[in-house]
Amino acid sequence: MIGMIKKDLYMIRNNYKALGVALVIYLFYSITFNMDMSFFLPFMGLMICISTINYDEYNNWHTYAASLPQGRINIIKSKYITTLIVVALLTIVSLISSTIIGNIRGSFDFIDTLSTMFGMLLAIIVIMSVLYPVLFKYGYEKGRLAMMLIGVSIMGLFVLFTKVVKINVSANFINFLDTYFIPLALLVTILFLTISYILAKKFYSKREF
Amino acid sequence: MKNVIEIKNLKKNYPDFTLDIDKLNIPSGEVIGLIGENGAGKTTLIKLILNIINKESGDIKIFNKDLKDNEFSIKEDIGVVLDNTFFPETLSSKDIESIMKDIYKNWDSKLFHKYLKDFKIKDNQILKTMSKGMRKKVEIATALSHQPKLLILDEATSGLDPIVRSEILDIFLDFIKDEEHTIILSTHITSDLEHIADHIIFIKDGKIFLQKDKDEIIDNYGILKCNIDDFNKIDKKDIVSYKKNRYDYEILIDDKTKCKKKYKDYVIDKISLEELMLLIIKGVK
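So the sequences go chain by chain: A and B.
Residues 73 to 281 in my numbering are what the first sequence lists, from first letter to last.
Residues 932 to 1216 in my numbering are what the second sequence lists, from first letter to last.
It is possible that some hints are incorrect.
Claimed, not checked - Straight-line distance between alpha carbons at most 16 Å, and here's what the computed EDC-like set of lysine to aspartate or glutamate pairs gives:
{"no.": "1", "chain 1": "B", "residue 1": "K933", "chain 2": "B", "residue 2": "D1186"}
{"no.": "2", "chain 1": "B", "residue 1": "K1216", "chain 2": "B", "residue 2": "D1185"}
{"no.": "3", "chain 1": "A", "residue 1": "K78", "chain 2": "B", "residue 2": "D1033"}
{"no.": "4", "chain 1": "B", "residue 1": "K1168", "chain 2": "B", "residue 2": "D1186"}
{"no.": "5", "chain 1": "B", "residue 1": "K1036", "chain 2": "B", "residue 2": "E1007"}
{"no.": "6", "chain 1": "A", "residue 1": "K78", "chain 2": "B", "residue 2": "E1147"}
{"no.": "7", "chain 1": "B", "residue 1": "K1201", "chain 2": "B", "residue 2": "E1147"}
{"no.": "8", "chain 1": "B", "residue 1": "K986", "chain 2": "A", "residue 2": "D108"}
{"no.": "9", "chain 1": "B", "residue 1": "K1156", "chain 2": "B", "residue 2": "E1206"}
{"no.": "10", "chain 1": "B", "residue 1": "K1063", "chain 2": "B", "residue 2": "E1086"}
{"no.": "11", "chain 1": "A", "residue 1": "K78", "chain 2": "B", "residue 2": "D1129"}
{"no.": "12", "chain 1": "A", "residue 1": "K278", "chain 2": "B", "residue 2": "E987"}
{"no.": "13", "chain 1": "B", "residue 1": "K1216", "chain 2": "B", "residue 2": "D1166"}
To be verified - If the Cβ cut is set under 10 Å, some of the chain B residues that face chain A in the computed set are:
{"no.": "14", "residue": "N982"}
{"no.": "15", "residue": "N985"}
{"no.": "16", "residue": "I1005"}
{"no.": "17", "residue": "K1006"}
{"no.": "18", "residue": "D1008"}
{"no.": "19", "residue": "I1009"}
{"no.": "20", "residue": "T1021"}
{"no.": "21", "residue": "S1023"}
{"no.": "22", "residue": "K1032"}
{"no.": "23", "residue": "D1033"}
{"no.": "24", "residue": "I1034"}
{"no.": "25", "residue": "Y1035"}
{"no.": "26", "residue": "K1036"}
{"no.": "27", "residue": "I1127"}
These are calculated hints, taken from the structure and not from any lab test.
C-beta atoms are modelled at their ideal positions from N, C-alpha and C, and glycine is treated no differently.
All chains, please: the whole structure from these sequences, using the hints.
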């Protein structure tokens, strides 16, 4: 599995220009317009990791990888681990940059920034958890269509619940969410990630190349 | 003779094609040439042997071990080169070495570097900047650098110029010097097989049509050439298949010695593997 992780990291290494541009955009908007761009770098990291799946297909890597003594489960495991490493590292870069920018501005709340970054990290892991099983089942080209359908469906459900269906949420429930938001969000993310990994393993082990 | 691969009742269905092999034993210590037209089932068979695709039914034993139960340990001893290039083209040969040493237990970095040096490939050269022949050489060096016992090559020499092909065939001949080593070489370039193969497996329409030692094929099979009048005099039992040309007939026979005695006035030529393939695929039975 280490070999597979290395392979993905070597491929990501070649995206240093894209990451450099992302960092410049992030710094520019954060400094100039005082915008909260905390999602930008980790999200770019996720996109670059997804692009390695596309590149694997383009290079016929999946067929070769299936002939190696690693097993398909390790191929999936390494993709998840690599993505988590990249997204976590870029979240740390975002956090450090935000801390520096905030301190220069003199209006900086570290706990608030840390909570925002943590929330963003969990949100990106949830997005990854939804996308990866689809990509490993259908491949990148067919998976893109499925990804769009999922995106539109989620937005549709969001509109449905917020605009069309008026749900009366009790104050107690809001208080409960407020108090336990971080452990709840963490629990939901772990649940998404676990289900996603199980599904991706199942899909990929049946896939033919 | 030991078998490196033993296959029984293997079946793989596609909507418009079925690979159906009742029994296939591949002897160890030899170069096995896998021939057949496009879509005959050669790559499907290789992918089933490597468990890249799922079989409908059947048993595959490699190194006398069941593939299903011992997949990882079996694959440690197999080197693979596929028809299409498969390494991400942004990697360098140095990256590939770094990756592979964590994939194969028996990875031999010295051997990999020796091959690269022999092939005149730089360590830090990116695959994207290499020619097709150079990339194929990196793939072959990778396949050989974990001390495999079985080398599976699917169209590994296709699209390469004769000089590179000759260099690569020499490496295969060097590899096969060890009597525990076996090569399965699927190719359309039958002249390569005439040069190095010991044994030929001919796949036609998803079935094993012919499996014989190459020398047995070259010694026994032949092409009998005659005009239409002479053609009618030939015993149909002696004809494997035939092809009608503009001015003559070409008849595939499988017992040259017998036919030379029986048809003394006829011309019987030696057959090449390419002619054998053409007469079996395009010829009339």
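inquiry  = If you test the structure against every hint from before, which numbers come out violated?
reply    = Of the numbered hints, 1, 6, 8, 11, 27 do not hold.
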